[in-house]
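Trainee: Please construct the entire structure, taking both the sequences and the accompanying hints into account.
There are 2 protein chains.
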Amino acid sequence: MEMDERKTKILQAIIRNYLETGEPVGSRTISKDTDLNLSSATIRNEMADLEEMGYIIQPHTSAGRIPSDKGYRFYVDTLMEAKEREVADMKDMLLERQDKLEDMLKTVVKYLAKDTQYATMITAPTTHLNKLKFIQLSRVDANHLLAVVVIEGNMIRNRMIDVTEEIDDETMLKLNMLLNTQLNGLAIEQINLSMVAKLKQQAGIHSGVIGDVIDEVIETLSEDKDLEVYTSGTNNIFKYPELADNENASRLISAFEEKEILGDIIQPGDGSEETGIQVYIGGENKNSGMQDCSVVTATYDLGDGMKGTIGIVGPRRMDYDKVVGTLKSIKTKLDDLYRKE
Amino acid sequence: MEMDERKTKILQAIIRNYLETGEPVGSRTISKDTDLNLSSATIRNEMADLEEMGYIIQPHTSAGRIPSDKGYRFYVDTLMEAKEREVADMKDMLLERQDKLEDMLKTVVKYLAKDTQYATMITAPTTHLNKLKFIQLSRVDANHLLAVVVIEGNMIRNRMIDVTEEIDDETMLKLNMLLNTQLNGLAIEQINLSMVAKLKQQAGIHSGVIGDVIDEVIETLSEDKDLEVYTSGTNNIFKYPELADNENASRLISAFEEKEILGDIIQPGDGSEETGIQVYIGGENKNSGMQDCSVVTATYDLGDGMKGTIGIVGPRRMDYDKVVGTLKSIKTKLDDLYRKE
DNA sequence: TGTTAGCACTCCTTAACATTGAGTGCTAAC
DNA sequence: GTTAGCACTCAATGTTAAGGAGTGCTAACA
Chain A
1 MEMDERKTKI
11 LQAIIRNYLE
21 TGEPVGSRTI
31 SKDTDLNLSS
41 ATIRNEMADL
51 EEMGYIIQPH
61 TSAGRIPSDK
71 GYRFYVDTLM
81 EAKEREVADM
91 KDMLLERQDK
101 LEDMLKTVVK
111 YLAKDTQYAT
121 MITAPTTHLN
131 KLKFIQLSRV
141 DANHLLAVVV
151 IEGNMIRNRM
161 IDVTEEIDDE
171 TMLKLNMLLN
181 TQLNGLAIEQ
191 INLSMVAKLK
201 QQAGIHSGVI
211 GDVIDEVIET
221 LSEDKDLEVY
231 TSGTNNIFKY
241 PELADNENAS
251 RLISAFEEKE
261 ILGDIIQPGD
271 GSEETGIQVY
281 IGGENKNSGM
291 QDCSVVTATY
301 DLGDGMKGTI
311 GIVGPRRMDY
321 DKVVGTLKSI
331 KTKLDDLYRK
341 E
Chain B
1 MEMDERKTKI
11 LQAIIRNYLE
21 TGEPVGSRTI
31 SKDTDLNLSS
41 ATIRNEMADL
51 EEMGYIIQPH
61 TSAGRIPSDK
71 GYRFYVDTLM
81 EAKEREVADM
91 KDMLLERQDK
101 LEDMLKTVVK
111 YLAKDTQYAT
121 MITAPTTHLN
131 KLKFIQLSRV
141 DANHLLAVVV
151 IEGNMIRNRM
161 IDVTEEIDDE
171 TMLKLNMLLN
181 TQLNGLAIEQ
191 INLSMVAKLK
201 QQAGIHSGVI
211 GDVIDEVIET
221 LSEDKDLEVY
231 TSGTNNIFKY
241 PELADNENAS
251 RLISAFEEKE
261 ILGDIIQPGD
271 GSEETGIQVY
281 IGGENKNSGM
291 QDCSVVTATY
301 DLGDGMKGTI
311 GIVGPRRMDY
321 DKVVGTLKSI
331 KTKLDDLYRK
341 E
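Protein chains in written order, with my numbering: chain A, 1 to 341; chain B, 1 to 341.
Treat the hints as calculated values from the structure; they're not laboratory data.
Be aware that one or more of the hints could be misleading.
[Claimed, not checked] Per label pair, the in silico range of CB-to-CB distance:
no.	chain 1	residue 1	chain 2	residue 2	range
1	B	E84	A	Q190	49 to 59 Å
2	B	E84	A	P59	51 to 61 Å
3	A	Q190	B	K106	27 to 37 Å
4	A	A197	B	K106	27 to 37 Å
5	A	E81	B	N246	31 to 41 Å
6	B	N246	A	D35	34 to 44 Å
7	B	D215	A	K259	31 to 41 Å
Cβ atoms here follow ideal geometry from the backbone N, Cα and C, with glycine treated the same way.
Mentor: Next up, the structure:
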């Protein structure tokens with residue numbers, strides 16, 4: 001048996017209706033809702049076919065049908081009409097300050113949660129490909145140095161370094177010079193052990209303390225800010241009874257708190273490249289706690305290799321059109337953000 | 001009618017039992033559980049008295065009794081035996097790094113959630129009383145300056161500043177000098193508008209750009225890091241049926257996400273000064289969403305005016321002994337942390 | 001051959017009702 | 001003052017019946 005136009009139309013009507021009401025939909029409803037002018041009996045025959053083909057499911061013998069994962073998948077891949085939606089302007093969210101990326105991400109994720117009424121999360125952009133722009137070591141007091149590093153995209157990292165013996169001005173100057181000439185322009189990823197060894201060697205006699213300082217500077221660089229994840233609207237899961245039972249809710253809340261969801265979910269190279277948007281429906285999720293959820297992710301790219309991911313988590317009967325549309329718009333705005341400048 | 005020793009013993013037994021089981025406790029149970037050697041009938045008479053006095057409540061006529069807020073209050077104030085408990089060492093959590101206070105707070109709050117099985121939150125220490133230790137302005141590229149400020153307690157703040165016209169080396173040097181001599185040693189709180197005006201005046205001719213830069217530096221200082229709140233174990237609320245119904249859970253989760261709970265709850269100067277520990281039982285909470293919760297807070301003090309608050313949120317029938325004990329221990333460890341050095 | 005009306009059947013949902021049992025309050029005796 | 005005894009209350013649980021939405025199947029129809 002195979003899909004024809006009529007079956008497609010009926011399947012679409014079932015899904016549309018179910019997304020709206022959350023109730024299993026019966027043959028009579030479809031008979032009235034579509035422009036096919038078919039009796040409920042005919043619809044019933046078609047529905048039996050669709051069930052046999054695996055697109056819809058009957059919760060129990062005397063109930064209507066609900067879409068299966070395969071049905072949703074068909075809908076998302078071929079029937080959905082995701083329209084770009086008007087969304088708030090990222091520029092406004094940036095508050096004109098480049099270094100407070102963190103604040104913008106929080107604002108975005110909050111905005112998305114409010115707009116979609118689902119739970120949302122966003123990862124900070126990766127920076128391991130970014131190049132060093134500026135390194136500075138300053139003496140704060142007798143036994144504390146402050147290391148500040150700026151990388152491409154104007155992200156700042158810093159660290160207070162304890163030193164056991166005071167370092168004189170001349171050495172500080174030399175050290176700063178050394179760090180800048182050797183490391184500037186390199187991507188964080190490129191810095192390896194042999195480079196560090198070379199650096200230490202060049203730093204010369206004071207190897208004891210200076211070696212430690214260099215180690216700490218390097219560590220500051222490779223600090224994993226990439227994994228930073230912000231979430232919002234977790235309480236939205238209570239709006240959907242199928243997710244709101246205690247066990248499920250507890251699992252989800254916990255997953256959001258641990259912030260490990262996105263890492264678990266995203267499987268690079270699964271066709272999301274073209275649009276940057278990817279949909280995972282119910283059982284398609286690897287994460288066992290999320291088999292009853294659908295997740296839509298978008299990869300944004302601020303340029304210079306700074307990519308991050310936005311995730312929206314809702315029930316299977318998520319409003320895919322709206323969510324995908326919104327994410328597309330947000331993604332576009334984020335992508336344009338740095339590029340235009 | 002007034003409390004006598006026997007009533008006290010019975011009340012204590014009722015509360016202890018209820019805290020353990022979560023079920024209303026009947027007269028027969030108390031008759032067997034206590035060493036009073038009284039029949040259930042006698043206990044019933046006493047219970048009727050205790051109810052009249054407002055310490056216990058009968059959910060319905062044929063049920064046992066549960067403690068009222070007043071009962072819990074009596075228990076917490078006079079019957080409880082909070083024993084200091086062995087807790088993880090903060091030193092280990094600090095990972096030997098002074099500037100990563102944030103990481104320590106996250107670790108503490110996570111540890112507490114795991115240890116107590118309640119939802120926990122912690123506020124970062126206030127810093128508005130702290131003194132400036134170090135200010136540095138550096139040129140990152142032609143139109144970006146980097147401002148870095150270190151305050152007492154070695155907390156670091158920074159900001160990237162856009163400048164429209166390039167600032168020459170000499171001016172930078174002068175500006176750094178000026179900022180350090182004028183502001184070092186001052187508490188953040190002390191810096192006011194007239195000081196800023198004076199600063200700008202002293203900075204001289206370049207007033208346009210320089211003025212903006214100074215404004216941004218000042219803003220960096222007063223950035224409200226104080227309000228930073230970390231939470232953990234929110235999913236623990238599902239362990240307590242009285243909190244886990246949808247409406248309640250949603251409200252609580254949302255309150256935790258907004259992180260406004262502690263601010264709402266803490267009422268300074270309500271007797272928590274002696275021990276730094278404060279207990280809010282059920283209806284005693286101002287926040288309307290938390291009328292079914294109990295909250296225990298502890299104020300920690302890292303010295304230099306850096307105070308913060310820890311909060312533990314659970315059901316009314318929280319294990320007060322354990323929670324208060326744990327908080328006392330944690331508080332002591334935190335208080336000692338910086339002081340000893 | 002596809003479509004449809006009709007009908008028996010399934011099974012979830014809801015309400016009504018009876019049963020059980022924990023726990024109480026009261027009374028009278030100790 | 002304490003206690004045994006007893007009638008009473010009421011949430012919880014189980015049972016049964018009625019109602020209804022929706023199906024699958026059959027037979028008639030265009």
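Trainee: All hints, please: hold or fail.
Mentor: We went through each hint and held it up to the structure:
About 51 Å separates the C-beta atoms of E84/B and Q190/A, a value consistent with the hinted range of 49 to 59 Å. A C-beta distance of roughly 55 Å is found between E84/B and P59/A, which places it inside the suggested range of 51 to 61 Å. As the Cβ distance of Q190/A to K106/B is approximately 30 Å, the hint placing it in 27 to 37 Å holds. Distance hint for A197/A and K106/B: a CB-CB separation of about 33 Å, consistent with the stated range 27 to 37 Å.
Range check, E81/A to N246/B: about 33 Å between beta-carbon atoms, so the 31 to 41 Å window is met. For N246/B and D35/A, the Cβ-Cβ distance of about 39 Å falls inside the hinted range of 34 to 44 Å, so the restraint holds. The hinted window of 31 to 41 Å between D215/B and K259/A holds, with their beta carbons roughly 36 Å apart.
No hint from the list above goes unmet by this structure.
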